[in-house]
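Number of protein chains: 4
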Amino acid sequence: MDSKEFFIPRLGEAQIASPVQAMEFVPDDATVAYDTSTAVLEEYVKNGQAIPAFEQAGPRKLIYHDPAWSKAAILTAGGLCPGLNDVIKFLTLTLKNIYHVPLVYGIRYGYRGLNPAHGLAPIQLNEDNTDDIHQQGGTILGSSRGEESAEIMVETLARMNINLVFCIGGDGTARGAHDIAVEAERRGLSISVISIPKTIDNDIAFIDKSFGFETAVYMAGIFAAGAHNEAKGAYNGIGLVKVMGRDSGFIAAYATLAQSYVNYCLVPESKFVLDGDGPDALLPHLYKRMLEKQHAVIMVAEGAGQELFPQGEDVRDASGNLINKDIGLLLKDRINQYFKERNTEVNIKYFDLAYTIRSVAAHGADAVFCAMLAQNAVHAAMAGRTDMVVGHWNGHFTHVPIALATRERKKIQLNSPLWTSVKASTCF
Amino acid sequence: MDSKEFFIPRLGEAQIASPVQAMEFVPDDATVAYDTSTAVLEEYVKNGQAIPAFEQAGPRKLIYHDPAWSKAAILTAGGLCPGLNDVIKFLTLTLKNIYHVPLVYGIRYGYRGLNPAHGLAPIQLNEDNTDDIHQQGGTILGSSRGEESAEIMVETLARMNINLVFCIGGDGTARGAHDIAVEAERRGLSISVISIPKTIDNDIAFIDKSFGFETAVYMAGIFAAGAHNEAKGAYNGIGLVKVMGRDSGFIAAYATLAQSYVNYCLVPESKFVLDGDGPDALLPHLYKRMLEKQHAVIMVAEGAGQELFPQGEDVRDASGNLINKDIGLLLKDRINQYFKERNTEVNIKYFDLAYTIRSVAAHGADAVFCAMLAQNAVHAAMAGRTDMVVGHWNGHFTHVPIALATRERKKIQLNSPLWTSVKASTCF
Amino acid sequence: MDSKEFFIPRLGEAQIASPVQAMEFVPDDATVAYDTSTAVLEEYVKNGQAIPAFEQAGPRKLIYHDPAWSKAAILTAGGLCPGLNDVIKFLTLTLKNIYHVPLVYGIRYGYRGLNPAHGLAPIQLNEDNTDDIHQQGGTILGSSRGEESAEIMVETLARMNINLVFCIGGDGTARGAHDIAVEAERRGLSISVISIPKTIDNDIAFIDKSFGFETAVYMAGIFAAGAHNEAKGAYNGIGLVKVMGRDSGFIAAYATLAQSYVNYCLVPESKFVLDGDGPDALLPHLYKRMLEKQHAVIMVAEGAGQELFPQGEDVRDASGNLINKDIGLLLKDRINQYFKERNTEVNIKYFDLAYTIRSVAAHGADAVFCAMLAQNAVHAAMAGRTDMVVGHWNGHFTHVPIALATRERKKIQLNSPLWTSVKASTCF
Amino acid sequence: MDSKEFFIPRLGEAQIASPVQAMEFVPDDATVAYDTSTAVLEEYVKNGQAIPAFEQAGPRKLIYHDPAWSKAAILTAGGLCPGLNDVIKFLTLTLKNIYHVPLVYGIRYGYRGLNPAHGLAPIQLNEDNTDDIHQQGGTILGSSRGEESAEIMVETLARMNINLVFCIGGDGTARGAHDIAVEAERRGLSISVISIPKTIDNDIAFIDKSFGFETAVYMAGIFAAGAHNEAKGAYNGIGLVKVMGRDSGFIAAYATLAQSYVNYCLVPESKFVLDGDGPDALLPHLYKRMLEKQHAVIMVAEGAGQELFPQGEDVRDASGNLINKDIGLLLKDRINQYFKERNTEVNIKYFDLAYTIRSVAAHGADAVFCAMLAQNAVHAAMAGRTDMVVGHWNGHFTHVPIALATRERKKIQLNSPLWTSVKASTCF
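Protein chains in written order, with our numbering: chain A, 3 to 430; chain B, 3 to 430; chain C, 3 to 430; chain D, 3 to 430.
Calculated from the structure, these hints are not laboratory results.
Partial list, derived from the structure: chain A residues whose beta carbon lies under 7 Å from chain D: (1) 34; (2) 43; (3) 47; (4) 55; (5) 100; (6) 259; (7) 262; (8) 367; (9) 370; (10) 377; (11) 396; (12) 397; (13) 422; (14) 426.
In this text the structure is predicted, and so the values were computed from the model without any measurement.
Virtual Cβ for every residue (Gly too), placed ideally from N, Cα, C.
Kindly generate the complete structure, drawing on both the sequences and the hints.
This is the structure:
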């Protein structure tokens with residue numbers, strides 16, 4: 003890594019005393035080293051190179067935006083994720099109670115709400131109308147996919163004198179935030195644009211943890227146990243559970259360990275074939291297990307095994323994400339066929355968890371993470387940072403350049419402790 | 003109703019003093035009137051007719067089977083349902099702790115386990131190996147669909163000297179129990195065959211409540227709330243939830259009231275059309291609502307709207323049940339098409355709850371119902387009743403002839419308080 | 003029972019056509035027989051007596067109050083109970099959507115809100131502000147204990163032209179509703195006063211089921227399992243769980259069956275002593291069990307064993323309920339002492355569930371019951387019934403005179419199937 | 003920090019090829035830097051000092067113990083914590099499936115089970131008898147407090163030829179593990195003794211996360227919402243919730259953020275007084291809030307406010323932990339008194355969560371953490387490490403010397419992001 007890649011833009015010099023009370027301020031040059039290996043760290047120093055590190059998040063003693071003159075906007079984009087309302091609530095509380103920003107707007111339906119052509123009036127957010135929202139799944143603001151023109155959106159922000167923008171969403175949303183930041187700079191507007199990373203798949207690079215993920219794992223675990231019950235309840239029963247995970251199989255891997263009844267964990271990162279003699283051939287392995295044990299649970303991420311489909315035209319959603327072909331149905335069909343050819347009874351019970359695990363409220367430590375992430379986003383914005391994602395690394399909240407966060411997707415490393423644990427817990 | 007239809011066969015005269023302690027015995031002629039209207043009740047008496055009534059369940063002072071010489075068998079058949087393990091546990095506890103029956107067999111995989119051709123050895127059940135099972139969904143015995151020859155099964159029972167048989171399952175299972183009872187009688191064997199009604203759809207006639215149903219409603223409610231979050235989270239969002247309910251829409255109706263966010267509740271009992279000018283045309287009504295409110299939740303029972311599919315050959319499962327065509331997918335397609343034709347954005351999020359709501363453990367009062375149902379099944383068997391279903395009516399546990407229980411399915415009455423409440427809570 | 007005791011007062015002749023659509027009206031003389039035994043029923047008829055029966059609840063073809071001129075008030079009194087907000091929501095929906103009553107007031111903090119001295123302004127309830135409330139525990143209206151003068155309250159109702167009053171609460175609340183009805187009649191005001199029975203203890207006579215009870219049982223069951231884990235986790239561990247149940251032990255009994263790990267279920271209805279030689283002596287029995295099994299779970303209702311305390315002055319709460327002495331702490335002390343005297347280690351883990359099981363939202367079928375109860379309360383009020391409780395009996399919703407409902411508390415019958423099941427599942 | 007404090011003892015040279023498949027081995031000198039600030043890190047290097055760092059956990063290419071000759075023992079000590087059974091299951095699976103260790107003993111009731119005087123036979127653990135245990139709270143092995151003689155315990159290990167010992171428990175348990183390691187070394191026995199840190203309070207120094215903590219936070223959050231409902235349900239209602247947290251208030255702080263209804267979060271780290279004029283005076287602040295808002299929720303850790311009690315003799319439990327005086331009851335009494343003196347009604351609802359939040363099964367990501375912690379404990383033991391705790395730091399699993407882990411307790415830093423977030427979310 004090159005330490006220059008970690009640079010975070012600032013709107014200007016912070017000169018206003020922070021109104022934040024009873025809190026140790028984080029120095030402007032505080033860092034969180036990217037690496038933790040002492041050998042690697044020493045190497046940098048000995049070579050005279052700066053240690054690559056994230057800017058550490060947190061409240062600054064001097065801030066850039068004058069709270070009394072500030073107006074904030076919050077929006078949510080992309081698919082639902084547990085915790086959206088916690089983030090909205092804590093952005094609002096921190097802006098209103100800690101910094102005393104007088105006006106906080108909730109923008110409706112993502113970037114769409116910043117384009118007046120859609121006629122979507124914003125909501126004023128405050129302590130009272132956000133008090134209960136953490137108990138609801140979804141987002142009180144509504145969400146949408148797709149892009150709007152940066153020129154039009156910045157025109158709206160300029161017209162409304164908004165200088166603090168919080169965009170909660172995935173990498174598409176982060177790229178939109180970047181476009182807004184660039185356009186604002188072009189027009190000479192001092193607008194802090196902060197992206198708050200939302201990915202139920204936990205697949206954002208350079209960020210070690212995403213909100214909503216743990217709640218999704220908890221929900222998936224409930225049904226992994228149900229799939230086990232279905233598998234044992236029928237003769238030669240197979241519980242087949244499909245979960246989210248377009249490019250990365252973190253939900254599948256975690257749910258496998260959280261409900262350690264799962265026998266096969268299929269993720270995009272680990273290729274397998276259906277038939278053949280190799281150790282990566284699913285059907286013969288499964289057939290053998292069924293003869294021995296008469297039951298099995300298969301957990302499959304939606305993005306797994308895409309290469310098993312006949313090649314054809316790709317289909318993409320409004321956010322530009324490739325739409326996966328349904329690996330769950332393919333597995334169901336092929337397993338049924340394989341057993342039928344061998345005159346062996348099999349009873350597959352298919353659980354497609356799609357929306358069931360993402361539409362609930364975040365809970366416990368996951369909700370706490372939302373609260374702290376939101377607060378650090380506000381600290382960053384008030385300090386005049388922009389064009390960045392608020393992240394988490396090595397136990398600290400961090401500032402991450404959007405370019406870095408969207409460069410690639412985080413994936414399961416097949417030699418990592420996580421995947422090793424999955425292998426130890428499963429049989430394939 | 004004719005009072006003769008309520009007759010329950012007895013194997014012979016009960017002459018053995020019950021070992022049951024500290025419990026008021028239920029007289030052999032105790033009854034639970036079928037009707038509750040005083041006008042109807044008076045009419046019977048004035049006409050000199052017997053009031054139609056179920057035999058009341060409960061422990062008898064004199065029993066038919068000598069516990070010390072008894073051997074019991076328990077089996078589960080058909081699809082999973084919350085509470086199967088509670089029933090198995092309380093059958094075992096009552097047989098062992100209350101009646102001191104020395105041997106209780108758990109038969110594997112339903113009726114299949116009574117046919118030696120399948121090579122499935124039974125399990126001996128006792129207090130220790132059933133102690134934790136109420137915390138698990140599914141059935142520890144395994145289940146299966148399909149029939150076995152009554153001759154072969156009774157031969158097995160005779161060979162093993164089993165005189166108490168408990169068949170937990172739906173109406174197919176009850177018919178199988180009847181066949182066993184008839185064959186046992188033909189062979190002169192004194193075997194009590196008791197059917198314990200299992201239907202997650204709560205659709206057994208002459209029985210006002212089925213175990214597992216309430217837990218399924220609870221689970222479905224969680225996802226109805228999730229569907230509401232998805233509907234509000236996207237612009238013109240529709241949460242579409244499909245639940246079980248082949249012939250009867252009780253789960254859909256109850257879940258609609260339990261999570262009163264649902265706007266459309268579609269059940270087999272209430273016909274609707276997709277398009278047209280009438281008040282029963284779903285798509286125009288939905289389209290109008292979406293223009294006004296921008297979100298909707300639809301709850302649909304799997305058996306609803308089957309007449310909307312093109313006619314073709316019926317497909318049946320191994321239990322002989324008609325397999326429904328997927329009304330959820332049809333609705334999804336037709337709604338998308340309808341809105342597309344009108345150039346109106348719509349975002350449908352489809353929840354197919356199939357197995358997710360039936361594979362969990364029963365909880366709370368539902369588990370209590372399992373416990374009491376199981377106990378009354380044992381009391382009936384020990385008293386020498388056979389060829390019957392243990393049921394519940396007007397607040398009492400009852401004995402129901404299998405012919406009565408399987409004569410028709412219980413359905414939602416469209417003029418009942420239940421459906422009235424659903425109509426008040428929804429908009430269609 | 004005497005059939006005259008079932009008489010429900012009517013404000014006057016119902017002459018207005020009901021606006022209720024698509025619903026079969028319940029005839030004004032529809033009844034639900036109190037008894038279900040055919041022998042008992044026949045006896046009444048043969049003796050020329052009317053069969054004692056409740057008036058059946060439900061919508062009437064002709065109603066008394068003109069909806070367009072009506073104003074309704076809803077209040078909640080006494081302790082929290084799961085489902086209060088469901089009842090409030092469905093009263094509101096039924097009044098507004100089915101009967102088109104223009105104004106529905108939510109009265110704050112029980113009867114207190116009807117006394118202007120407290121300065122508590124009412125809330126206007128409608129579809130929008132009640133849409134989410136079923137997801138919250140507690141009551142959005144606030145509650146309180148204690149009485150207010152009927153004269154003052156009726157003066158408030160008269161001043162506000164309120165002709166429909168719904169009082170959700172226990173037997174104290176029902177008596178308050180009766181006082182309002184009497185005072186309204188004295189002043190010649192046509193006010194329907196309907197009491198909706200709330201008792202988490204499920205102890206109201208002549209009503210077979212109370213809302214909130216099933217949710218409380220579900221919650222108590224979670225901790226009964228936790229108590230089992232604590233008991234097995236420590237050497238000679240005892241999990242001691244205290245639940246609500248001042249006069250009746252229904253929660254304790256149901257939770258015992260719902261989580262069938264409980265070994266001792268102690269309720270007010272079944273007396274026991276601490277020491278001695280008898281079979282009802284708890285400590286020697288427990289001591290013996292611990293030597294054999296090294297663990298035990300005790301479920302105790304707060305009102306159990308009150309006679310074990312030294313006699314003294316009774317303490318009552320603001321509702322006039324006798325405050326129980328803490329049987330949980332007494333048991334904890336006496337068990338510790340008993341084992342200490344015998345030099346035997348014991349590790350008691352005490353769970354006092356008090357508020358933890360009553361402050362949650364109602365769920366599943368329990369929420370459905372709230373919805374239907376509320377609707378039937380509105381039907382009764384609109385039809386001009388007053389001075390009554392809406393109840394449930396033998397599978398039907400009913401009208402119950404307040405005098406009957408408050409005459410005595412429902413208690414566990416020690417020879418009932420419920421208690422029999424508890425005895426079968428426990429060891430004492 | 004001094005880098006020497008991070009040294010982990012090794013039993014001898016690792017010479018045996020690891021049987022672990024398809025996993026990247028962690029080099030023996032892999033490290034996880036203690037600090038993440040680049041300025042601090044550079045300072046060490048420039049001063050010629052080694053960067054203080056933990057040994058990184060994970061599988062080694064060469065191991066010390068020959069699996070085929072190995073025997074393992076697992077024990078759990080101290081209070082219950084969610085996840086104990088997950089740890090036991092994954093220790094067993096890793097030992098049996100990954101390393102093929104033939105014998106894994108479960109020792110009953112903590113260290114007590116290693117003293118033959120108690121007559122507690124061990125259990126043989128395997129894949130089958132641990133398959134379901136992750137679904138149960140508590141520990142299948144039983145637990146206990148208190149010490150046993152290291153000489154006697156090592157004599158037992160020697161007699162049974164056990165060379166791998168896993169002690170799951172708090173700092174008392176870690177000290178016991180240290181004593182075993184020292185005694186084993188004195189006798190020349192090659193026994194790896196690995197401590198697995200269990201603290202529901204999340205208060206072990208040099209370890210950033212403890213298993214069970216997140217599940218406890220989740221449970222506490224449910225009741226914080228209940229306390230909010232009770233507070234709003236009564237006039238001038240106060241929901242008072244006591245949670246675990248003897249020396250550190252992490253559960254209270256996290257639960258406050260997870261259910262952001264809490265208005266006062268009282269922890270041992272932040273002193274407060276009851277009365278007076280200062281900003282740290284609880285009662286006047288609370289009184290003022292109640293006049294304005296009529297409701298409040300207080301979350302208090304059991305160790306908070308201990309200095310408010312009259313001084314007296316300290317009481318300690320069998321593990322030597324100081325037993326706290328009941329701050330919950332003190333607050334309840336003093337608040338009642340304060341309001342009474344001011345003739346102001348107040349309704350306090352007290353929730354003592356004690357065992358209710360620790361006796362449940364771990365779920366979701368918390369269970370995953372248990373699985374991975376257990377696996378790394380086995381890797382450490384097989385590689386010949388001893389006298390250490392397996393920990394987690396900066397996103398990596400680590401080896402921590404027992405002396406370091408038990409030197410002090412981790413506490414909430416009052417200037418940390420966590421406490422800052424709590425202050426932002428509460429009013430005191």
